[in-house]
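Peer 1: If you want the building blocks of each chain, they are given just below.
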Amino acid sequence: MKITRKDFLRLSGLSVLAAGAVRTFEAAKAAGQSAIRPLRGSGGAPRKQLAMAIDLRKCRQRPGCDLCMKACRDAHNVPVIADPRHEVKWIWNAPFAEVFPLEQSAYTERNYTGSPLPVLCNHCDEPACVRVCPTGATWKRSEDGIVMMDWHRCIGCKYCMVACPYEARSFNFVDPRPYIEHINSDFPTRSMGVVEKCNFCAERLAAGKQPACVEACPANAIAFGDSSDPNSPVCLALSASFSLRRKPELGTGPNVHSIV
Amino acid sequence: MFEKALAGGRRYWLWVGFLLAVSFLGLFDWVREQQIGLGVTALTRDVPWGLYIGQFVFFVGLGASALVVVLPYYLHNWKAFAKITLLGEILGMVSVFMAMLFIFVSMGRPMRLINVLWYPHPNSLIFWDINVLSGYVLLNAIVTTTILWSERQGIAPPRWTRFLVMLSLPWAVSIHTVTAFILCGLVARPYWLTPLMAPRFLASAFTSGAALLALLALLMRRLGVFDVGEEAIQKLRTIATYCLLTHVFFDLNEIFTVFYSRIPEHVAHIDYLFAGLDGNDLYAPWMQLSALFALAALAIFLIPALRNRSSLLPWACAFAFFSMLIEKGLGLMVGGFVPTAFGVTAAYAPNLSEWTVVAGIWAFGALLITVLYKIALAVRAEAES
Ligand code: SF4
Ligand code: SF4
Numbered sequence: 001m002k003i004t005r006k007d008f009l010r011l012s013g014l015s016v017l018a019a020g021a022v023r024t025f026e027a028a029k030a031a032g033q034s035a036i037r038p039l040r041g042s043g044g045a046p047r048k049q050l051a052m053a054i055d056l057r058k059c060r061q062r063p064g065c066d067l068c069m070k071a072c073r074d075a076h077n078v079p080v081i082a083d084p085r086h087e088v089k090w091i092w093n094a095p096f097a098e099v100f101p102l103e104q105s106a107y108t109e110r111n112y113t114g115s116p117l118p119v120l121c122n123h124c125d126e127p128a129c130v131r132v133c134p135t136g137a138t139w140k141r142s143e144d145g146i147v148m149m150d151w152h153r154c155i156g157c158k159y160c161m162v163a164c165p166y167e168a169r170s171f172n173f174v175d176p177r178p179y180i181e182h183i184n185s186d187f188p189t190r191s192m193g194v195v196e197k198c199n200f201c202a203e204r205l206a207a208g209k210q211p212a213c214v215e216a217c218p219a220n221a222i223a224f225g226d227s228s229d230p231n232s233p234v235c236l237a238l239s240a241s242f243s244l245r246r247k248p249e250l251g252t253g254p255n256v257h258s259i260v
Numbered sequence: 001m002f003e004k005a006l007a008g009g010r011r012y013w014l015w016v017g018f019l020l021a022v023s024f025l026g027l028f029d030w031v032r033e034q035q036i037g038l039g040v041t042a043l044t045r046d047v048p049w050g051l052y053i054g055q056f057v058f059f060v061g062l063g064a065s066a067l068v069v070v071l072p073y074y075l076h077n078w079k080a081f082a083k084i085t086l087l088g089e090i091l092g093m094v095s096v097f098m099a100m101l102f103i104f105v106s107m108g109r110p111m112r113l114i115n116v117l118w119y120p121h122p123n124s125l126i127f128w129d130i131n132v133l134s135g136y137v138l139l140n141a142i143v144t145t146t147i148l149w150s151e152r153q154g155i156a157p158p159r160w161t162r163f164l165v166m167l168s169l170p171w172a173v174s175i176h177t178v179t180a181f182i183l184c185g186l187v188a189r190p191y192w193l194t195p196l197m198a199p200r201f202l203a204s205a206f207t208s209g210a211a212l213l214a215l216l217a218l219l220m221r222r223l224g225v226f227d228v229g230e231e232a233i234q235k236l237r238t239i240a241t242y243c244l245l246t247h248v249f250f251d252l253n254e255i256f257t258v259f260y261s262r263i264p265e266h267v268a269h270i271d272y273l274f275a276g277l278d279g280n281d282l283y284a285p286w287m288q289l290s291a292l293f294a295l296a297a298l299a300i301f302l303i304p305a306l307r308n309r310s311s312l313l314p315w316a317c318a319f320a321f322f323s324m325l326i327e328k329g330l331g332l333m334v335g336g337f338v339p340t341a342f343g344v345t346a347a348y349a350p351n352l353s354e355w356t357v358v359a360g361i362w363a364f365g366a367l368l369i370t371v372l373y374k375i376a377l378a379v380r381a382e383a384e385s
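Top to bottom, those sequences are chains A and B. Residue numbering for the first sequence follows my numbering, beginning at 1 and increasing consecutively. Residue numbering for the second sequence follows my numbering, beginning at 1 and increasing consecutively.
Be aware that one or more of the hints could be misleading.
[Claimed, not checked] For the chain B half of the interface with chain A, some residues (derived, Cβ under 8 Å), not all of them: (1) Gly-39; (2) Asn-123; (3) Ser-124; (4) Cys-184; (5) Val-187; (6) Pro-285; (7) Val-344.
[Stated by the list, open to error] Pairwise CB distance ranges (calculated): (8) B:Phe-181 <-> A:Glu-249: 19 to 25 Å; (9) A:Leu-244 <-> B:Gln-35: 24 to 30 Å; (10) A:Ala-206 <-> B:Leu-252: 36 to 42 Å; (11) B:Val-344 <-> A:Asp-229: 49 to 55 Å; (12) A:Asp-144 <-> B:Ala-347: 51 to 57 Å; (13) B:Val-187 <-> A:Ala-206: 41 to 47 Å; (14) A:Arg-141 <-> B:Ala-21: 35 to 41 Å; (15) B:Ala-284 <-> A:Tyr-179: 31 to 37 Å; (16) A:Ser-105 <-> B:Ala-21: 23 to 29 Å; (17) B:Ser-134 <-> A:Met-148: 25 to 31 Å; (18) A:Tyr-179 <-> B:Asp-278: 50 to 56 Å.
These are computed hints drawn from the structure, not numbers from a lab. The C-beta atom is built at its ideal place from N, Cα and C for all residues, glycine as well.
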């Protein structure tokens with residue numbers, strides 16, 4: 001077996017540091033290539049990465065609509081806590097000016113103020129939350145790029161919430177169970193003291209279904225699929241229209257796109 | 001050796017009893033927090049780290065500051081520090097222990113803490129922090145007990161203690177550097193995203209450490225418990241002066257970069273802290289007070305007419321200490337989170353529950369200091385007579 005330079009570095013005593021350096025270098029190299037998302041890995045076949053494109057033009061035609069959020073809450077036992085300080089949110093609406101502060105202009109203010117803009121975890125290419133987690137309770141799944149969580153391992157240090165530039169994570173400040181509207185017995189409820197967030201419906205994907213929000217949208221506003229496959233619904237939607245991602249300049253590589 | 005802690009007068013026992021009572025109060029309140037959930041604190045989804053983590057950072061700094069007496073004494077043979085070095089090491093050890101308690105109380109699931117070692121993730125700075133902090137406490141515990149034990153036997157401490165002491169110097173720098181790295185490597189928090197974070201931390205840590213040691217020395221002399229010597233106090237004051245100057249210089253560097261570049265995301269946090277944003281100016285008076293304290297301390301340290309008035313020295317030390325405590329123990333955290341990633345000026349003010357837990361940990365730290373100083377001083381007095 002031929003040992004490449006990378007293998008050698010990984011094996012050597014300094015493997016932790018060296019691997020970090022190699023990854024950073026590769027990420028920088030990959031970011032230079034133009035693709036729908038920066039490709040990770042050493043330039044081989046693009047790795048599968050699930051992504052989402054939300055067509056806000058369709059959302060705007062249904063003011064006040066929150067069917068996707070409701071579907072998510074019901075699928076995942078997300079509690080409805082009135083106190084905004086303790087809210088648990090997987091997918092929710094936020095104002096345009098807060099989601100895309102750098103894009104705000106007199107035009108967007110006039111046209112987009114008050115219209116729904118769903119936000120959720122971006123299942124980033126280089127997730128800051130995963131990098132900081134001291135226990136591996138949150139990790140990036142290699143087969144499809146979903147950023148997963150293990151609620152039994154999480155120690156509730158909240159470091160991931162501090163590190164996520166999108167505030168996509170929620171801490172269970174109180175016992176969530178009394179606040180769940182309809183308990184879905186097919187999905188675990190969480191206990192107090194752990195962090196949670198959107199999981200791109202990993203459990204539904206495993207059963208061959210689409211994510212709950214995608215399925216619930218009557219306007220078909222949410223396209224979902226593998227961003228490394230040019231024929232996936234998400235790639236087709238993105239190639240047809242202009243879209244924005246939140247804070248792409250931070251290098252996290254968010255995989256949720258908003259078609260404005 | 002520990003029997004020395006049990007021989008004390010009425011004043012001693014009243015003080016110990018008071019500290020025990022406050023410690024238990026804090027403990028009970030923390031148990032309650034864990035039962036009802038951290039929702040009883042003022043922490044929120046937007047400000048998930050607050051007073052506890054701020055105190056953690058401050059006390060790691062105080063722990064690292066043992067270096068300001070250990071280094072001159074062991075490396076440069078400053079005889080003036082002969083009496084105070086051991087006290088400095090004990091203070092450092094207890095501070096870091098308190099810092100660890102502050103992490104513990106801020107966790108949602110503290111009983112699972114072992115997961116950090118069970119599933120080690122070296123890419124997380126918390127993994128490194130827990131290791132260097134416990135290593136530092138252990139190192140100092142071994143050094144101080146061995147030194148005391150040898151003094152009691154009337155023999156010179158074994159040679160390997162000197163090696164451990166030397167090791168504790170870079171180790172002291174490392175604990176505060178790792179703590180700075182927890183914060184300054186996050187793209188999400190522009191206020192912390194500065195390579196000056198670790199140097200700033202060290203400067204403020206050494207300031208607060210030297211100031212607190214000088215205060216403790218003055219207090220012990222006043223109470224007639226122990227006299228570390230005037231020269232040691234004057235040297236501590238010199239150290240505090242230079243460290244405070246460095247700290248202020250670093251802070252002004254940050255201010256220049258932020259306000260000359262005027263990058264909105266960076267400006268917003270400092271604006272919020274010192275002036276208030278969107279009508280929320282809760283921290284402005286505190287941060288201004290912290291700046292004022294630093295300047296007042298510097299004035300007393302530097303202006304000859306004030307410098308020579310020995311009655312002002314405790315004031316200068318207290319100003320320096322509280323200036324650092326406000327800036328690091330509270331402002332650092334809120335400034336990092338407000339405004340939020342969504343640009344919202346979130347409100348967070350530590351509530352009674354948090355203050356009670358903090359008071360408990362402070363009292364417990366003071367208790368450890370009292371008892372350990374008592375033992376150390378008694379052993380010394382016995383060895384000398
Ligand atoms: S959006 Fe936040 S929580 Fe989701 S993967 Fe990215 S950094 Fe992690
Ligand atoms: S709160 Fe849980 S998931 Fe988040 S960093 Fe800590 S252990 Fe990891």
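Peer 1: Tell me, which hint numbers fail for this structure?
Peer 2: 4, 6, 9, 10, 11, 12, 13, 14, 16 and 18
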